[in-house]
Amino acid sequence: LPNFRVVGDNLKDRFDGASRVMVTNSDRARGNANAIISNSASNSVHHHRAGLGRRQRYNIQLKPYNPEHKPPGSKDLVYVEPSPPFCEKNPKLGILGTHGRQCNDTSIGVDGCDLMCCGRGYKTEEVTVIERCACT
76 LPNFRVVGDN
86 LKDRFDGASR
96 VMVTNSDRAR
106 GNANAIISNS
116 ASNSVHHHRA
126 GLGRRQRYNI
136 QLKPYNPEHK
146 PPGSKDLVYV
156 EPSPPFCEKN
166 PKLGILGTHG
176 RQCNDTSIGV
186 DGCDLMCCGR
196 GYKTEEVTVI
206 ERCACT
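Under the numbering used here, read the sequence shown as residues 76 to 211, first letter to last.
It cannot be assumed that every hint is accurate.
[What the hints assert, rightly or not] Computed cross-link-like contacts, DSS-like style, restricted to lysine-lysine with a CA-CA straight-line distance of at most 27 angstroms:
no., residue 1, residue 2
1, 87, 138
2, 198, 164
3, 138, 150
4, 87, 145
[Stated by the list, open to error] What follows is a list of derived Cβ distance ranges for each label pair:
no., residue 1, residue 2, range
5, 99, 186, 37 to 43 angstroms
6, 169, 90, 19 to 25 angstroms
7, 161, 79, 23 to 29 angstroms
8, 205, 92, 48 to 54 angstroms
In short, the hints are calculated from the structure, not lab data. Beta carbons are placed, not taken as given, at the ideal position from N, Cα and C, and that holds for glycine.
Please put together the full structure from these sequences, using the hints given.
Printed below as a string of structure tokens:
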């Protein structure tokens, strides 16, 4: 088994390079018996059921949303719809937004103010707390 970090880095790279696609049925799925089906790796999504050949059930083609982009490869991550914006509140989708959340102004991670505040800017606040200790 590969190292967990290697797997995570590989998935992150694929996620960062994911491309938006449109799903279309191939000619064969529409009933065109003359459609040529290749056994080579392609960008088709096939459903596998016990007793059925890999290519007998579905043959769905993934086409780039932007026609200037190349079609995705067999190992590429793809998405059909963009994610909704998580910066602003959207109760219909259950999104709380990021207004009023605490962030770390020195972090470049997901808890960092630049990322969490979505470029809106943020204000820093220093709070001094005085507590009695229970020393003996």
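Taking the numbered hints from earlier one at a time, note which ones the structure violates and give those numbers from smallest to largest. Every hint satisfied by this model.
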